[in-house]
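Protein chains: 4
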Amino acid sequence: MIEQLPVAVLGANGRMGAEAVKAVESAPDMKLVAALGRGDSLTSLTDAGARFVVDLTVPESTEANVRFAVENGMHAVVGTTGWDAGRLERLESLLTGHEGVGVLIAPNFALGSVLASAFAAKASKYFESVEVIELHHPDKVDAPSGTAVRTAQLIAAERASAGVEPSPDATTSELAGARGCEVDGIRVHSVRLRGLVAHQEVLLGGPGEQLTFRHDSFDRASFMPGVLLGVRNVAQHPGLTVGLDGYLDLGL
Amino acid sequence: MIEQLPVAVLGANGRMGAEAVKAVESAPDMKLVAALGRGDSLTSLTDAGARFVVDLTVPESTEANVRFAVENGMHAVVGTTGWDAGRLERLESLLTGHEGVGVLIAPNFALGSVLASAFAAKASKYFESVEVIELHHPDKVDAPSGTAVRTAQLIAAERASAGVEPSPDATTSELAGARGCEVDGIRVHSVRLRGLVAHQEVLLGGPGEQLTFRHDSFDRASFMPGVLLGVRNVAQHPGLTVGLDGYLDLGL
Amino acid sequence: MIEQLPVAVLGANGRMGAEAVKAVESAPDMKLVAALGRGDSLTSLTDAGARFVVDLTVPESTEANVRFAVENGMHAVVGTTGWDAGRLERLESLLTGHEGVGVLIAPNFALGSVLASAFAAKASKYFESVEVIELHHPDKVDAPSGTAVRTAQLIAAERASAGVEPSPDATTSELAGARGCEVDGIRVHSVRLRGLVAHQEVLLGGPGEQLTFRHDSFDRASFMPGVLLGVRNVAQHPGLTVGLDGYLDLGL
Amino acid sequence: MIEQLPVAVLGANGRMGAEAVKAVESAPDMKLVAALGRGDSLTSLTDAGARFVVDLTVPESTEANVRFAVENGMHAVVGTTGWDAGRLERLESLLTGHEGVGVLIAPNFALGSVLASAFAAKASKYFESVEVIELHHPDKVDAPSGTAVRTAQLIAAERASAGVEPSPDATTSELAGARGCEVDGIRVHSVRLRGLVAHQEVLLGGPGEQLTFRHDSFDRASFMPGVLLGVRNVAQHPGLTVGLDGYLDLGL
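Chains as they are written, first to last, in the numbering used here: chain E, 23 to 274; chain P, 23 to 274; chain A, 23 to 274; chain C, 23 to 274.
Bear in mind the hints are in silico, worked out from the structure with no lab data behind them. Backbone N, C-alpha and C fix where the C-beta goes; we use that ideal spot for every residue, glycine too. Misleading hints may appear alongside valid ones.
[What the hints assert, rightly or not] Calculated lysine-lysine pairs in the DSS-like style (CA-CA distance at most 27 Å, straight line): (1) P/Lys44 to C/Lys162; (2) A/Lys44 to E/Lys44; (3) A/Lys162 to P/Lys53; (4) C/Lys162 to A/Lys147; (5) P/Lys44 to C/Lys44; (6) P/Lys44 to E/Lys147; (7) C/Lys162 to C/Lys44; (8) C/Lys44 to A/Lys162; (9) A/Lys147 to E/Lys162; (10) A/Lys44 to A/Lys162; (11) A/Lys162 to P/Lys147; (12) E/Lys147 to C/Lys44; (13) C/Lys162 to E/Lys53; (14) E/Lys44 to C/Lys162.
[What the hints assert, rightly or not] So the derived list for chain A, only partly shown, Cβ under 10 Å to chain E, looks like this: (15) Asp106; (16) Gly108; (17) Gly134; (18) Val171; (19) Gly217; (20) Val219; (21) Phe240; (22) Ser244; (23) Asp271.
Starting from the given sequences, assemble the full structure and let the hints guide the process.
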């Protein structure tokens, strides 16, 4: 008989949390032992015997949640935003005192998105030109998306370390904004369209050829395989890991 | 036996002109009677018996070329830019005195591009959201492209006359330029990438669906079917026509 | 005050029907007066004062439903399949005796899909090559999709009436199926992929250029604008109309 | 002063060879010392002091060319097809006797294409579904393309070794060919369209998401960066390497 991992979901009443509850319940190798919403006491995690905590809450409470988990020897898989440098530093200090415990903080759990960003960055050093287009529903308040910013940063870093020149651009006459915004020297364009969810393209161009990586997120369900993969692997990665790609086999 | 239309090409040494020379020579229903370059005298057009003139020259000489053609009863198909309102007005006056003569001034001879813009405008009134992305080689100096500006204007006019609301957009935090530029209220994004020639997408979005029109110009050859179609039809369209769509059967 | 159209939905417990109930309830110019499921009596339509009937039932019952509506002077908007030539003929006969009544039978209510097919057909006569790719979720049992078959038929008819040659194809060595299936001489390819809903591309190619029409249906919600447009216009189209494009302003 | 690699091009009168001649001449770190066409004697390679040989000839002569190069201590970069198992075996035997000499046999020199195939294979094990679409000009005689076959084989091998199930497919009613052909259990579709050169998409799908890798070859120029990269690296890879990916840094 298969041994099931005892998992708790924090933020279970939120949209992502509710999906995670369903995903954990459907996973044959996991058992949902607690599903906490706003105001529920963290002590019920220990009472329920949780060994894995999935945090999909809000920036205000995620640090306290993860601290509680680590102090009680539980591994944590975190999708909440708001983990700035100060918080990450405090978490790393805490983890040095709890050696076997693993924490994964992933700004993005969509496997396809993580893979696309990683591959695009790696490939970008072989091409003269690179630009990013992200496309989302029109209710999104920020532009560009956080994922696009991180993708551009990854690309910029990879190109810088390989000594690649900036993408050529002869534009001398521009209607303001036509050429998008710049993130670490990489042009990023944000499209907002009713009917869309979350989509991104990285376009690489060289003499006579183009290489395009496109990721489409049609549904929040797309994040769940990544969350489950995180839970299944976090115990084998003690300490702090930022980004799901740390758990993926991308070596070629 | 087929009667061949006697065609002259002006600007025959330019890149577009050279393509046109080849295209006319290959067309079984046309005969190239003159191919003029910079400095050649226009009187050789009459000497050669040209009845159709294809002008692919430069803004500085196109008006004089077309005037000469019209005054000598030749139909003209014009791909040169620089036809502002004043020039068009003068040409219309001239044409009222030469009743059977037709002139086509087409900012774009790529059939696919013209069709895509016309269809996209027509469809745009059935969708909440619309944006335009144009992609070109990185040696282009202006952004957005003239074709993208015209496409956006067509869309804006069609939506205005149908009373469609502006595309929704909840953006409150934008890195400058991320959301592109605005042409008559339509967002336009310009990508510059080595390896590309000239490409454009119009994206329409409504609840749960997206409709996309994409045109790719891989090669100057793509303009020639439109030039030939212009020559074949210009005599049946006396007076001034602006835009190749005036010659296309797009009625549905 | 706005006068509301009294609408009844048949098949209200099905997936499409349930969407239609929501859509009618949300439309400010409509009033849902009846929502019937399997086994409910049609006489409640007259009791409720319905003047518009939306039929989203099953092939077994749609003909009787529409007959009842017409005989009682109600306009009908029909999304149910199964309307073969015999049924359509009987319906036309019936309608000759009920002059002011309109019936719309639409195999596809997604505006974007209908527009894409109509435009693609119209444009196809200007290009040497045309192929169709349809992409759906992997639980679909038929390949190609009904929409792809109809699109290919429209294209074939338009090209035939314009005297366009078949798309060129030099293939002499083919792994069976690589080049797709043929519908009226048009190649159609069917992709099945987890995560997708319903998507279609028409690719047109000529010397140096490509024109692509793509439609994405992400959600059943995409059919509702078309259903509502049908209800709003059916009274102005007495008699039988097959296909939503009959109600759209596509003239260019 | 930079030391220039002395390079000879075989097949210099062919289309690919002519491009290679131009590319080598333009590369600041290389010197074209010989450009041989059909019938030219191989001994001029030694006379000219060539240390690197680029073979872009025909299946009939490539083996003899490479044998001559290896026996004379020259490194070889080979784009010619026709290297079956027997030839590769004989070449490996020959190379064991010439220890410092490197040979690269690459069926595809387009960096973007090689990267796309490698990444797509690696990513494919994280997705339920995968299909390949390749699109070429209509003068191509084989379907699917050799690149598509190799891509499908790479994907199939990667999925097999990770124990991934076949892509789901509920099709029970198929118009012959609609679902494409099968290469090692992977569905491949071949589109032929005037205006295209060589293009390929790998589509990966999972619950609620899609990841797409697309490569466009617009021009033979796209192969030259790969040829030059081969020349620059072949001396550091003694023995036989098949596939340009052996020279790329794809580790993530």
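#### Entry: Indices of hints not satisfied (ascending)
3, 6, 8, 9, 11, 13, 14, 15, 16, 18 and 23
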